[in-house]
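With the hints as your guide, set chain U onto chain W.
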Amino acid sequence: MVLLLLILIPLLTGILSFALKGDGVKTLALISSMATLAVSGYVSGANFTAPLAYNHDWIPAIGTSISLIADGMSSMLCLLTGIVVMVVMIANSNKETPNAGPFYGFMLLAQAGLMGVFLASDALLFYVFWELALIPVYFLCSSWGDEKRIAVTFKFFIYTFLGSLMMLAGLIFLVMQMPEGHISYAWTDIVATGKSLAPGVQQWLFWLFFIAFAIKMPIFPFHTWQPDAYEQSPTPVTIILSALMVKMGLFAVLRWLLPVLPAGVAYWSDTVIVLSVIGIVYASLIAIVQTDIKRLIAYSSIAHMGLMSAVAFTHSSVGMHGIMVQMFNHGINITGMWLIVSMIENRWGTRDMGKLGGMATSAPQMAIALVIISLANIALPLTNGFVGEFMLFNGLFRADTTGHIVVMVVAGLGVILGAVYTLNMVQKAAYGEVTKMVISKDLSVNEYAGLAIIISLVIFLGVYPKPLLDLTADIASAIVK
Amino acid sequence: MKAIIATTIFGIIMMFTSVMVSNKKSVAAIAVALFAVLLGVNIFELYTWNHAATPGPQLCYGMLTLDHTNLWFNTLMTGCTLLYALLMTKEIQKVGAYVAEYFALIFFILCGLYLLSSFNNLLMLFIGIEILSIPQYILAGSDKRNLKSSEASLKYFLMGSFTTGILLMGITLIYGAARSFNTADLVAILHTDTLNPLALAGIMFLMIALAFKVSAAPMHMWTPDVYDGSPTPFTAYMSTIVKAAAFFAFLRLFKDAFGNLSDHWRLVMAVITAATLLVGNITAVFQQSVKRMLAYSSIAQAGFMLFAILASNSKSWDSIILYGVAYSVATIGMFAVLVKLKDYTYDGFNGLAKKEPLLAFAATIFLFSLAGIPLTGGFMAKYYVLLAVVQQGSLLWLVIFALLMAAVSVYYYFRVIMAMYFKPGEAELNSPVSATDKMLLLVTCLVVILLGVLPQLVLG
Chain W
103 MVLLLLILIP LLTGILSFAL KGDGVKTLAL ISSMATLAVS GYVSGANFTA PLAYNHDWIP
163 AIGTSISLIA DGMSSMLCLL TGIVVMVVMI ANSNKETPNA GPFYGFMLLA QAGLMGVFLA
223 SDALLFYVFW ELALIPVYFL CSSWGDEKRI AVTFKFFIYT FLGSLMMLAG LIFLVMQMPE
283 GHISYAWTDI VATGKSLAPG VQQWLFWLFF IAFAIKMPIF PFHTWQPDAY EQSPTPVTII
343 LSALMVKMGL FAVLRWLLPV LPAGVAYWSD TVIVLSVIGI VYASLIAIVQ TDIKRLIAYS
403 SIAHMGLMSA VAFTHSSVGM HGIMVQMFNH GINITGMWLI VSMIENRWGT RDMGKLGGMA
463 TSAPQMAIAL VIISLANIAL PLTNGFVGEF MLFNGLFRAD TTGHIVVMVV AGLGVILGAV
523 YTLNMVQKAA YGEVTKMVIS KDLSVNEYAG LAIIISLVIF LGVYPKPLLD LTADIASAIV
583 K
Chain U
712 MKAIIATTIF GIIMMFTSVM VSNKKSVAAI AVALFAVLLG VNIFELYTWN HAATPGPQLC
772 YGMLTLDHTN LWFNTLMTGC TLLYALLMTK EIQKVGAYVA EYFALIFFIL CGLYLLSSFN
832 NLLMLFIGIE ILSIPQYILA GSDKRNLKSS EASLKYFLMG SFTTGILLMG ITLIYGAARS
892 FNTADLVAIL HTDTLNPLAL AGIMFLMIAL AFKVSAAPMH MWTPDVYDGS PTPFTAYMST
952 IVKAAAFFAF LRLFKDAFGN LSDHWRLVMA VITAATLLVG NITAVFQQSV KRMLAYSSIA
1012 QAGFMLFAIL ASNSKSWDSI ILYGVAYSVA TIGMFAVLVK LKDYTYDGFN GLAKKEPLLA
1072 FAATIFLFSL AGIPLTGGFM AKYYVLLAVV QQGSLLWLVI FALLMAAVSV YYYFRVIMAM
1132 YFKPGEAELN SPVSATDKML LLVTCLVVIL LGVLPQLVLG
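Protein chains in written order, with our numbering: chain W, 103 to 583; chain U, 712 to 1171.
Source of the hints: derived by calculation from the structure; they are not laboratory data. Virtual Cβ for every residue (Gly too), placed ideally from N, Cα, C.
Capping the alpha-carbon separation at 16 Å, the derived lysine to aspartate or glutamate pairs in EDC-like fashion look like this:
no. : chain 1 : residue 1 : chain 2 : residue 2
1   : U       : Lys1065   : U       : Glu1137
2   : U       : Lys736    : U       : Glu812
3   : U       : Lys1134   : W       : Asp248
4   : U       : Lys1134   : W       : Glu249
5   : W       : Lys250    : W       : Asp330
6   : W       : Lys123    : W       : Glu198
DEER-style ranges, computed between Cβ atoms:
no. : chain 1 : residue 1 : chain 2 : residue 2 : range
7   : W       : Ala368    : U       : Gly887    : 57 to 63 Å
8   : W       : Tyr369    : U       : Asp896    : 49 to 55 Å
9   : U       : Trp1108   : W       : Pro162    : 29 to 35 Å
10  : U       : Asp974    : W       : Ala368    : 35 to 41 Å
11  : U       : Ser1142   : W       : Lys257    : 36 to 42 Å
12  : U       : Val1154   : W       : Glu447    : 41 to 47 Å
13  : W       : Asp248    : U       : Leu1165   : 39 to 45 Å
So the derived list for chain W, only partly shown, Cβ under 7 Å to chain U, looks like this:
no. : residue
14  : Val230
15  : Ile260
16  : Ile274
17  : Met278
Same shape as in the complex, but just chain W:
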């Protein structure tokens, strides 16, 4: 029942928000996000004793049920979702959003969808939430985004919808391979059936699932929707997209692809790794020449996700553990980045690095926050980014083929390039000539609170990552087995 709360709280408060007007909506959204975070904290805690699960009949005729499970990976991602949404609500609470009721309503609905995706242990239920998480985001971007929002969001929607349909075809095919009269979408049954398929079948079935997940992550060359969508969305939505929704893709690979089609994965893993690494280098190179901070971070996100997806296919348990940690940390760091970008944009009305400069003098607190989060983004030791990235490279290195060494070197190049563009951005935005930026207000109380949560997590998990490592240790080794 507790797991159901994780979905129901944002869902019901989200629906309620549509009816409300004025400041009441903000308060409701904030309280709702706090309650959800508290529940996800409880769920994560329970994971150390007995993982929670929930099961209820849904449509018995087609073997699908409402079954949720919160293992290490699920509860970690629910915790991340809880934290990120709450930070967004806090940081947004002094801003006037036009038409606030629907805006917060859709935000909370998106959260409900995300929670569902992370918790579902029934494939059809997973599919339903996978689609439902998309609909609110579609409305959010199209209504509150920038100038080109409608076309860009539509591209994003069609792209991901097409991927989802491929996954649906794959699921139906998979379920139909079960013995006559015994259709079941339960995770265990899906895994058992998938494993038993002939390698040849797994090899083509792999793509039906993989395309859906690759579009979401996104992996090169399925990424073209992403920079535009990030750029055109209002920042709170960009945070939902980049910190949480892309994790859906990676999560789906770990839960619904690697264990289900092992032979298919083994056959195609080299291809995927090469694509991911191309993505890392390609995105990093493009990031270097960006002048718009938002686009820069969008490309840096592609690079980070590329590294994680490459490691996901190397079949190493350290690497897998690293992915778990890095999923969480990347979500935290990129949320911090976007928050600062939105603060910059609000104060100075531009995201163009050429026009920025001197933040350290005019808004020192903000500049310090930017520096810390940027350092975490490039994985400096004692920040949370370091732990995950170190484990990821460790995973790549442990892989037994010589090809992987090349992969590792090229991926490492990506990290170096990452330092180049991130530090370049910090330098241009935070330092440089003061004259370019008019003195403006430093952090307000709520912005301070939002960033403080992010930064304390950055440092705490950088110094003492043990809770996060413990939470995800079992599931990481289970996936590799």
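This is chain U only, laid out in the frame that chain W set:
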């Protein structure tokens, strides 16, 4: 049987009503009441059947068979008709002077529907299709001042009669090969290994005739003009419940009578399905009028329903019933929104969300359902037909093609949503939307969502 008699009597009552009652509103109220009674009759028949022995009673010298599936289908379709009548009564009154006759014709269409769902004999199929079609030719032309409506009627009539000829030819050839009209005899006499070429030709003729009735490509040419030209409330009926009935008959014939000859017709059917999906979806993308888009969308949706016939297995009945209901409810709802607007182009929807939030919300739910977004009836329906056809095996290429086409369909359905929510404008309404209309639309939305969450409700 009770329902068949009842609907005929009600049709005649409606015709007399036109003489006795002059007030259009009272006529419509009587019609709605009679639809409700008819639904009651159907439910009564369904309920009493459950306690009768299997197999179901044979009627008309064995030419009709009642069983649970077709009684259930009749009940659901009568329910949809009642919903339709409630949503559209005002609009039907606006079409012309002969309101009572319009309703009478709808009762006769229902009579055809009942025959089609329970036929056991090719002659009954023929009679059912004619009873279903002739009232439609009249309804299509009921807006006499409008040239397009007359054109639609004439076109539909000419093409329809031509198809009737093909249908009869098919039945004759089958009779020549099997010396029987009874589907049970056909199953016994026609075997794959000793199939008479006459019978094969007959099957193809029947397939062409029925494909015409369900507007499957390449027999779809009449659909856009007829649906676009007919008065909108009648388009809503023709493109939904009538189409579902034709599909039910199609499935009944090809599964029950020609099921074990499926090797002979499956490939042709697969090509028809692929063509229908392609033509419907791709052409719908280029439409500027929402009404015409919905006409093409009905072709595209027919492509999905053809999957049930293509599969012809244990899941086919469930999937055709669910698809028929989900598609009908969503499309009727969408037409109910459409008739409220002055301008039927996409631009006519601009800014509707600001002006009438509830209307826009309802339309969004209906469009979600048509596009197949989860938790709406349309998703479950698509899911069931795909399940049926994947179980059949060997047609996975078609499934993937269909899903690609479903992604295309998102393009034209979401264009309406974009116009309503994101484009600035002042959508002009024909008349203010009353509280009753809003309530009814909300109920329809609820049905759409309920079908998506608990599809077992309509699956007996």
